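Number of protein chains: 2
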Amino acid sequence: MIPHAIARRLLPVLTATLLAFPALAQDDPLPSWNDGPTKSAIVDFVDAVTTEGSADYVAAAERIATFDNDGTLWVEQPVYTQLVFAFDRVKALAPDHPEWATTEPFKSVLAGDVAGVVATGHEGVAAIIGATHAGMSTADFETIVTDWLATARHPKFDRAYTTLVYQPMLELLAYLRANEFKTFIVSGGGIEFMRPWTEEVYGIPPEQVVGSSIKTRFEMVDGKPVLMRLAEVDFIDDKDGKPVGINSHIGRRPIAAFGNSAGDTQMLQWTGAGEGRRLMMLVLHDDAEREYAYGPADGLPDSSVGTFPQATMDEAEASGWHIISMKDDWTSVFPPAQ
Amino acid sequence: MIPHAIARRLLPVLTATLLAFPALAQDDPLPSWNDGPTKSAIVDFVDAVTTEGSADYVAAAERIATFDNDGTLWVEQPVYTQLVFAFDRVKALAPDHPEWATTEPFKSVLAGDVAGVVATGHEGVAAIIGATHAGMSTADFETIVTDWLATARHPKFDRAYTTLVYQPMLELLAYLRANEFKTFIVSGGGIEFMRPWTEEVYGIPPEQVVGSSIKTRFEMVDGKPVLMRLAEVDFIDDKDGKPVGINSHIGRRPIAAFGNSAGDTQMLQWTGAGEGRRLMMLVLHDDAEREYAYGPADGLPDSSVGTFPQATMDEAEASGWHIISMKDDWTSVFPPAQ
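Residue numbers (our numbering), protein chains in the order written: chain H, 27 to 364; chain Y, 27 to 364.
This is chain H alone, in the form it adopts within the complex:
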């Protein structure tokens, strides 16, 4: 499923990450994390659940760790990457749809009028998803995503989106796997928008990616079976949907969960409700200099993308969830630019 083309393109990122890592790994599995309570919470948790004979010991098969993607593993500002992709696809397909010049939500998309798109509401977004994410086979959609990621650049950092992943979280994923954890993505983003690249970038194979989906239909086309993507929502893997998606795809309760917004609340509640030792963490984007600062927890500016309201901060404090401060806990944010 992972074409060699994307492997070739992404390999430098992965190699850089891996090369950066083992040199320090003997002394410190998490070199991009500053010493302090957050890092200690991670290391103490892993030590506890992996030490045989410890009261907190967890068998390897039960070491399930789930990670939100947008804002937890990669950049989500100024808007979710998948939305940028959808807008770019509308522009690419517009020549075949002259009617879009005068019909919403496409008119606003083509004019770069985000407020205009937002004004079209759920119906508008559904129309955009239908026009850009459906009506092709799963194989064709994978190619479209892969080709787009190969050339698209983030407006602030002028780098490929798949390089705007958080170096400390790459180290955390590797550290957990080195301790026989199975790492899963549980994201509100589209499952088939993530799967073409998560194995190369995060080391997370397609079968360990949980996300939102549209329905697919098995069809025979010229005697060959294909799965066609339909303009019909199958599952929204956000908020209440995250424990549902975890149960459907994983079938076990995680013992560790990582998120960054109110949409991750239920995943952390579900994780924390299991018996035995647990680790729940939320990334707080409080680093306007190196990435972004938004919240509005701790007085950070509000954002409808990856919203982290004070209520979520209050729940985190009451529930023993740890806050990862990007500014204070991370020595670096991204892998070195190529």
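Rather than coming from a laboratory, the hints here were simulated on the basis of the structure.
Be careful, since some hints might not be right.
What the hints assert, rightly or not - Calculated cross-link-like contacts (lysine-lysine; reagent style BS3-like; alpha-carbon spacing at most 30 Å):
id	chain 1	residue 1	chain 2	residue 2
1	H	133	H	241
2	Y	65	H	208
3	Y	65	H	241
4	Y	241	H	241
5	H	250	Y	265
6	H	250	Y	65
7	H	208	Y	241
8	Y	241	H	265
9	H	241	Y	265
As the list claims (entries may be wrong) - Here are a few chain H residues that sit away from chain Y, every Cβ distance over 10 Å (derived from the structure):
id	residue
10	53
11	74
12	106
13	119
14	128
15	244
16	266
17	267
18	299
19	326
20	354
Predicted model, so just to flag it, every value in this text is computed and none were measured.
Beta carbons are placed, not taken as given, at the ideal position from N, Cα and C, and that holds for glycine.
Model the placement of chain Y on the given structure of chain H, informed by the hints.
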């Protein structure tokens, strides 16, 4: 998720299997398979895709093998085990539902009148599923399934259902995993009816089980999050649904697939349509003496349970799918009784 109680109960089965296996494994990884074209097809395929430098070599991450469950890994006659479970649950719950004595489909279930139940059609089956599989939390359902499996006995063999698994298929699963395959179940049966025991019995963890499902809803009950099972179909993992389920849960195309009925046709088509070497096999139940004989391929008696019509046999021959003859290819059918 796997309670110690079930582990304790199932451990003897697993231990017997493992003890029976390594003694011969050095010479023959598939001791319960007779020498012949079927066994050779398996061994040749595994050799080809695991030999580096071979034109057929497949990287370990892409070595995905999918198995139907009913009739492929365990007994499905005289009726699917999950249906026996549902009927037993109706009987267990009947004292709280006096109205069932006079209302269908429950009246027929309580009278042991299978034809009467069949006459109630899809609506009747939906009512039985609703009454027996929904209205409780996922955790409570797991306990109900585990408790039932601990005491239920198969009418013909007088053994626990989880011991009526096919010894040759247990060896095949282990052989594939020893060659770095990832083994998945892709069954029309209920995903949460299988997950409580597949790890102990087959070595297949919950996250590698794909099946039919009803919807679940995240709820807070007394301040604790639970997933409630709803009387609403979520997904039917049969026929056209199998490639859809594979895509949703695995996100890669299998390179090997094993089934036993017309419901597995699309899974085998989907598997075979990928590039490179593939292995597709169907178990034919042609052994009335040691198990059952039904088809009606090759003139075996017809059955609505695990139907294997001549059309499927014809497609198998035209497509290069291998037929596993229970009678001719297997030296033994089940693990030794405890």
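Comparing the hints with the structure gives:
1. At roughly 27 Å between alpha-carbon atoms, residue 133 of chain H and residue 241 of chain H fall within 30 Å of each other, so this suggested pair holds.
2. Restraint check: the Cα-Cα separation between residue 65 of chain Y and residue 208 of chain H comes to about 33 Å, which exceeds 30 Å; the hinted pair is violated.
3. Taking the CA atoms of residue 65 of chain Y and residue 241 of chain H, the gap is about 38 Å. The hint is violated against a cut of 30 Å.
4. Taking the CA atoms of residue 241 of chain Y and residue 241 of chain H, the gap is about 15 Å. The hint holds against a cut of 30 Å.
5. At most 30 Å may separate the alpha-carbon atoms for a hinted pair to count; residue 250 of chain H and residue 265 of chain Y meet this at roughly 16 Å.
6. For a cut-off of 30 Å, the pair hint linking residue 250 of chain H to residue 65 of chain Y stands: about 28 Å separates their Cα positions.
7. Taken as a hint, the residue 208 of chain H and residue 241 of chain Y pair is honoured in the structure, with Cα atoms around 25 Å apart against an allowance of 30 Å.
8. Restraint check for residue 241 of chain Y and residue 265 of chain H: satisfied, since their Cα atoms lie roughly 16 Å apart, inside the 30 Å limit.
9. With a C-alpha separation of about 16 Å, the suggested pairing of residue 241 of chain H with residue 265 of chain Y holds against the 30 Å cut-off.
10. Once the 10 Å rule is applied to beta carbons, residue 53 of chain H is consistent with being away from chain Y; the minimum gap is 30 Å.
11. Distance to chain Y confirms residue 74 of chain H as a non-interface residue, since its nearest Cβ pair spans about 20 Å, more than 10 Å.
12. Every beta carbon of chain Y lies more than 10 Å from that of residue 106 of chain H, the smallest distance being close to 20 Å; the non-interface claim holds.
13. With a least beta-carbon separation of about 24 Å from chain Y, residue 119 of chain H lies farther than 10 Å from that chain, consistent with its non-interface assignment.
14. Distance check for residue 128 of chain H against chain Y: the nearest CB is about 37 Å away, which clears 10 Å, and the non-interface claim stands.
15. Distance check for residue 244 of chain H against chain Y: the nearest CB is about 4 Å away, which does not clear 10 Å, and the non-interface claim fails.
16. Interface exclusion of residue 266 of chain H from chain Y breaks down, the closest Cβ pair being 4 Å apart, not more than 10 Å.
17. Not every CB of chain Y lies more than 10 Å from the CB of residue 267 of chain H, the least distance being 8 Å, so the non-interface label is violated.
18. Not every C-beta of chain Y lies more than 10 Å from that of residue 299 of chain H, the closest at about 5 Å, which undercuts listing it as non-interface.
19. Listed as a non-interface residue, residue 326 of chain H keeps its Cβ farther than 10 Å from every Cβ of chain Y; the least gap is roughly 28 Å.
20. Every CB of chain Y lies more than 10 Å from the CB of residue 354 of chain H, the least distance being 30 Å, so the non-interface label holds.
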